[in-house]
Amino acid sequence: MGTLHLLLASLLLVCCSLPIFSPIPAADAILDDLRLPSDVRFPKAQAEKLIRQLNLLPRDALPHASEGRLAGDSGERIVERRFVFPGLAGVGDGGAGGVSAEDLGHHAGYYKLAHSHDARMFYFFFESRSNKEDPVVIWLTGGPGCSSELAVFYENGPFSISNNMSLLWNNYGWDKISNLIYVDQPTGTGFSFSSDRRDTRHNEKGISNDLYDFLQAFFIEHPEYVKNDFYITGESYAGHYIPAFASRIHQANKDKEGIHINLKGFAIGNGLTNPAI
0 MGTLHLLLAS
10 LLLVCCSLPI
20 FSPIPAADAI
30 LDDLRLPSDV
40 RFPKAQAEKL
50 IRQLNLLPRD
60 ALPHASEGRL
70 AGDSGERIVE
80 RRFVFPGLAG
90 VGDGGAGGVS
100 AEDLGHHAGY
110 YKLAHSHDAR
120 MFYFFFESRS
130 NKEDPVVIWL
140 TGGPGCSSEL
150 AVFYENGPFS
160 ISNNMSLLWN
170 NYGWDKISNL
180 IYVDQPTGTG
190 FSFSSDRRDT
200 RHNEKGISND
210 LYDFLQAFFI
220 EHPEYVKNDF
230 YITGESYAGH
240 YIPAFASRIH
250 QANKDKEGIH
260 INLKGFAIGN
270 GLTNPAI
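Numbering that gives the first Met the number 0 numbers the first residue of the sequence shown as 0 and each following residue consecutively.
Since no wrong hints were added, every one of them can be taken at face value.
In silico EDC-like links for lysine to aspartate or glutamate, alpha-carbon gap of 20 Å or less:
(1) LYS226 to ASP254
(2) LYS175 to ASP133
(3) LYS226 to GLU256
(4) LYS111 to ASP195
Per label pair, the in silico range of CB-to-CB distance:
(5) LYS255 to ASN163: 46 to 56 Å
(6) ALA113 to ARG196: 10 to 20 Å
(7) ASN202 to ALA113: 12 to 22 Å
(8) GLU220 to SER246: 20 to 30 Å
(9) ASN252 to HIS201: 25 to 35 Å
(10) HIS114 to LYS226: 24 to 34 Å
(11) THR199 to TYR171: 28 to 38 Å
(12) ASN163 to ASP254: 44 to 54 Å
(13) GLN250 to GLU220: 21 to 31 Å
(14) ASP195 to HIS249: 26 to 36 Å
Please keep in mind that the hints were generated in silico from the structure rather than gathered at the bench.
Note that the Cβ used here is the ideal one computed from N, Cα and C, for glycine as well.
Produce the complete structure using the sequences and hints provided.
Right, dumping it as structure tokens:
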């Protein structure tokens, strides 16, 4: 149970973080104010250790960097680590735990954004439980600055959290009929980061350019999904991001820029388009 508490609290740590460049102090502040059940005690040192073991935080607090590179940065385009879901019920091992993300067709990691100074964007990718030819769907949570991991466990992701804090399959998860991507955006949200403050985005154009670069990196890594139908979805403040993102893809396709993305449509739930409305 202790490991599950760490996993769930690490989720809470990133669910609604505003854009930051020094995630470790910010994590301490959030952990001090966690609203966990009264019988749950969450040690901050163990939380940080867990997150680092999953390779979800850089080795050093940002923005400390040397010659534009993060300390310990290998320079590779993507970083992935074996992610184990402890106590996941109903999977091969009888719910005993030890099932990895890769075993389930799940992926997590970073892509370095090609046209940024030093930005890395964090994502989860869940292959369809039905057919790899199902549409590729990207989900964007709003905020601005709210991590899309919120939706992974509490909305349309493959898992839900039971009352005893174990992970269960979500019978209504969108991964049952789509190949589902969740991304922390804009840069500085959740686990997405940069060592250079110039990568902070202040408008939809900058955010849509970053998301386009993310997709280009994703389809280079996963070319088997390039021809699949593609949809952009999200909620709340993503009502600002999504139209700009769709326009960016449409224009790039017209200009024959990069890998052609088979955009078929977008959907916005409870979208914020103007605060006066």
